[in-house]
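K.L.:
The primary structure of each chain is shown beneath.
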Amino acid sequence: MQIDFHYYATYCAAVIAGYSCRDSEKIAWCAQFVDRCTKTFLDRIGGPVSAATTQLQLEMMEADTSLLGLQEITRIWASFHFLPGDLYAQGPGKCSRRFLHKYRLICNTDSELLVDTVELARAKGPEAAGIAMHVLADTWAHRYFAGTPSLVINNTGYYFYEIMREGDREVEKAVKFNHNPVTKDRPDRAVYTNTMYQGTERSMMNLGHGRAGHLPDYSYARYRYMPSWGGYMEIMKDNPLDYMHAFCQMIYALKSLRDPDGRFETGHYDREAIRPWEETIRQIFEVRRLLDSEDWKKLGVEISGRALEDFDEEKYEKEYVEADQDSRDDTVLGRFIMAALAQKSMVTSRIFSSGSLLAGYPADYRFNGLKDIRDFFKNLIDKGSKK
Amino acid sequence: MTRFDRIVNCIFGILQIAFAIVLMVSPGRGLILVLAAISIGLTLTGVQTLIYYLDMARSMVGGKSVLYRGLIFLDLGILTRSLIDDPRIYLIAYIGLLTVITGMVGVFRTYDLIRRGAVHWRLTAAYGITHVIMGIAVLVFGFFLRLPVMAVFAYALMLIYSACIRIAAVFKENKMIYIQ
Amino acid sequence: MVDNTREQIRYRKSCSTLVRVGYGTIMIGWWRAARYIGLILLKKSLVLQQIRGNDVLSYPGISDTRIILILLALVTALMSFVALMHLFIGLSAIREGMGKKTIGLYIPLTLLMIIISFARALNKLSVFLSSLDLNDDVLLNLNVDIINNSLVTPTFASVIIELTFMIMLTEQFFAAVRIRWYRRQMKKNQTESQSG
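Residue numbers (our numbering), protein chains in the order written: chain G, 2 to 388; chain X, 997 to 1176; chain R, 53 to 248.
A hint or two may mislead.
Straight-line C-alpha distance at most 20 Å; calculated SDA-like pairs for lysine to any residue [what the hints assert, rightly or not]: (1) G:LYS238 to R:THR154; (2) R:LYS65 to X:ARG1054; (3) R:LYS65 to X:ARG1065; (4) G:LYS95 to X:ARG999; (5) R:LYS239 to R:PHE170; (6) R:LYS65 to G:ALA175; (7) G:LYS177 to X:ARG1105; (8) G:LYS95 to X:THR1126; (9) G:LYS40 to X:ARG999; (10) G:LYS40 to G:GLU73; (11) R:LYS65 to G:ILE236; (12) G:LYS319 to G:GLU303; (13) G:LYS316 to G:LYS95.
Partial list, derived from the structure: chain X residues whose beta carbon lies under 7 Å from chain R [stated by the list, open to error]: (14) ASP1001; (15) GLN1044; (16) LEU1067.
Hints were generated in silico from the structure; no laboratory data involved.
Using N, Cα and C, we set each Cβ at its ideal position, and we do this for glycine too.
Just chain G, with the same shape it has in the complex (with noise of 0.2 Å):
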C-alpha cells in the first residue's frame, strides 16, 4: 500500500476507533514511517541499524544475495510488508523442500502471525499499534506474493488481465507491462511498470510483488493472473474489496488495542463503524487515481474535525538524536524502534520454528552462541540490568 492508506486512512481508522488526533497522528505516522525507516536513515541517526523496516532502492541494489545476505532481506520484508499467511503449508502437490520453504512465506490475510502481530502492540503505545496496523494493510495489498527474493513464487507473466469499468459494462484489458523507470503508469490504458524479467531464482528483481508492479498498491485496481506458484489456478485480486476489508480490519483491530482485556480475534471487520462514511469510502477506493491522499485528507476532517499535516518523514528525528543513550528508548523513535525490532524477532523466530533458515536465526536463539539481531538482545539485557 501507498501513503494515501498507510498515513492518512491509518489516521481516520484509528480516530473511529477512539483515539484521541494526537495519538491518531502517532499511529498513523508510525504506520507511514514503516516504509521509510531504512539502514541508511538509522545510521544517520545513530539508531540501531537491525531495526530497519524497508529498503531504499539503492540499498535494494547493493544488496548482497548470498544467503546471509537473502536472510536479511527476508527478514525486513517478511517481517513489515509480506507476512507469511501459513508458516506449516501443504506445498502444491509434490514439490521440494526448498520449494515448500518459499512457498510458506506467500503473504495472505487473517493470519496466526497477524495475530501475534497485533498482540505484540498490545500496551505498547501507538507506536506499536502503527506498526502493526501497517503489516497488517500490507497483508490485503501485498497477498500471493512473498517476502523473499524468488523466481518461482514470485513471478508474473503475460496472463495479466485487468478489469476496468467502461460506462456501464465490465471489460478486460490485457495488462501491457514496462519496465522505464521514468514513465509513469497510465490507469486508462492498463499500462504500467513492473520489474524486468530475471531468470535466476534470487534475483532481486523477483521480491515481492515487483513483477505485478504497483497494481496491488493502487486501491481501484481489479485484475486476475496466474500466480508462478498456482500451478496454473487463476486469482482474481479485487483491491477495493480487499482495502475495506482491510480499513475495517484495522478499526477493529485498534479498538481491540484500546481495551486492556481485549483480544485480537482473525475474521473480524468492524462495518459497522464505517456506516456515517461508507459510500465515501468505497468512491476513494473505486475512483483509478494512482494516489487518494487528497480525499483521505478531506475525510480525515470530515471524521476529526482537522486536519491531518502532511507526513514529515524527520518529525520526531530531533528529539531522539537529542536525547541521552538512556531516554532514547523513550522517545517517539525509540519506542518505534524496539517494537520494529520485537517485530522483526518475532516473525524470525516463527520462520525459524517452522523449519525454515530463510529469514536466519531468530534473536532469542542467543543462548546457543548463534543469534540475529544484536542490538535488540543488547537493549533488552541493558535494560533488564538497569531495571
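With chain G held as given, fit chains X and R onto it using these hints.
P.N.:
Same frame as chain G, now just chains X and R:
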C-alpha cells in the same frame, strides 16, 4: 548489479583479457583453452539449470522452459567438447558462429529493451553489434581469406573489447527499477 | 469471475506450453538451418570426395568451386524452407496459446516433424552406437578417422538434441490437440445453454 555481481564481473573481465593474451601469444593452444572454457561453462550452466528445474522450477508456472533451457545448454556444452579434437578450422568456425549468435541475441535484447522503454540499452547494443561484427570477421578471415591466425587475433580483440565493456558496466550506475 | 476447474487449469497449462514450446520450435529451426549450411562450408573436401566418388553425380566437367556453390545454393534453399516451416509452426503455436485465431495446419505438420525427428534420432543413435563398436586403437583416437571420414557426424550431443526436440514437439502436439478439444467443448456448452 549487486556488489557481488560487480566483483564477479570484474574478475571475469580480467580472465577474458588473460585469455585474449594467451590466444595472441599461442593461437593454437589458446583456441583449445577457449573452447574448453566455453564447453565447461556451457555444461555447468546446463547442469545448474537442470538442478534448479528439479529442485524448484518444476513446481512453477512455465517451469518447463527452464528444463528446455538446461537441456539446450547441456547439449551445447557436450557439442562444444566434441569439437575440441576436430581440425582447428572447425574450432574457428564454431567460435565465429557462436560469437555471431551471441551478438544477434544482444541485438534482439536491445530491440526488446527499447520497445519496453528501458533507458540503459546502449551498452547492450554495443555488446551485440561488436560481437556480430567480430564474429563475421573471424569467419571471413578463417574461410575466405584463409588466414586462421588473423581470425584468432580478431577473436582475441573481441574478447578484450567485451572485457572492457564488462568492466565499464561494473562502474556504471544501475538504472533498473525495484517496486517497493 | 475465476474458473479454476480441473479442465480450465489443464487448458491454461496447455496454452502456456504451446507458447513456450512455440518459441523453442522457431529456435530449433534456425539452429538446424545454420548447422547444415555450416556443415557444407566446413567439410567441403569431404563433400567433394563423396560427390566425385559417385558414378552418377561425379560431374567431371564442372569445377570443385562450382559444385560447392551449387550444393550450397540447394542446401540454403532447402534449409530456408525448413526454417520457414519451423517458423510457421512456432508462430501458429504461440498464437494459439495466446488465444488468437490460427490455421490448424500446424498440428499435422507438428506430427510430421515428430515422426521425422524420431527417425533422425534413431538413425543417429544407431550410427553413434555402431561407431563405438571398435577396437582399442580407434577408440583411443575416437574422433580422428571416424569423424573425418563421415559427412555427417552423429555425436552423442546431436542425439540428445534430437531427442529433446522430439519431446518438445510431442508436448506441443498434445497441448494443441487438448486446446482445440477444450474450445470445442466450451462452444458446445455455450450453444446448449443458449438453446436451453
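K.L.:
Next, verify each hint and record whether it holds.
P.N.:
To see whether the hints hold, each was checked on the structure:
About 31 Å separates the Cα atoms of LYS238 (chain G) and THR154 (chain R), which puts this hinted pair outside 20 Å; it is violated. Using a Cα cut-off of 20 Å, the hinted pair LYS65 (chain R) and ARG1054 (chain X) holds, with the two alpha carbons roughly 13 Å apart. Of the supplied pair hints, the one linking LYS65 (chain R) and ARG1065 (chain X) holds, its CA atoms being roughly 18 Å apart against a limit of 20 Å. With a C-alpha separation of about 36 Å, the suggested pairing of LYS95 (chain G) with ARG999 (chain X) is violated against the 20 Å cut-off.
A C-alpha spacing of about 35 Å is found between LYS239 (chain R) and PHE170 (chain R), which places the hinted pair above 20 Å, so the restraint is violated. As the CA atoms of LYS65 (chain R) and ALA175 (chain G) are separated by approximately 18 Å, the hinted pair is consistent with the 20 Å bound. A distance of roughly 18 Å separates the Cα atoms of LYS177 (chain G) and ARG1105 (chain X); the hinted pair therefore holds under the 20 Å criterion. The hinted pair formed by LYS95 (chain G) and THR1126 (chain X) fails the criterion: a straight-line CA distance of about 46 Å is larger than 20 Å.
A threshold of 20 Å between alpha carbons decides the hint, and for LYS40 (chain G) with ARG999 (chain X) the separation of about 17 Å falls inside it, so the pair holds. The hinted pair formed by LYS40 (chain G) and GLU73 (chain G) meets the criterion: a straight-line CA distance of about 12 Å does not exceed 20 Å. Taken as a hint, the LYS65 (chain R) and ILE236 (chain G) pair is honoured in the structure, with Cα atoms around 15 Å apart against an allowance of 20 Å. With a C-alpha separation of about 31 Å, the suggested pairing of LYS319 (chain G) with GLU303 (chain G) is violated against the 20 Å cut-off.
For the hint pairing LYS316 (chain G) with LYS95 (chain G), the CA-to-CA distance comes to about 51 Å; that exceeds 20 Å, so the pair is violated. Because the closest C-beta pair between ASP1001 (chain X) and chain R is about 27 Å apart, greater than 7 Å, the hint is violated. With its C-beta approaching chain R no nearer than about 17 Å, GLN1044 (chain X) sits outside the 7 Å limit, and its interface hint is violated. At about 5 Å, the closest approach between the beta carbon of LEU1067 (chain X) and any beta carbon in chain R falls short of 7 Å, and the interface hint on this residue holds.
Against the hints set out earlier in the document, violations occur for numbers 1, 4, 5, 8, 12, 13, 14 and 15.
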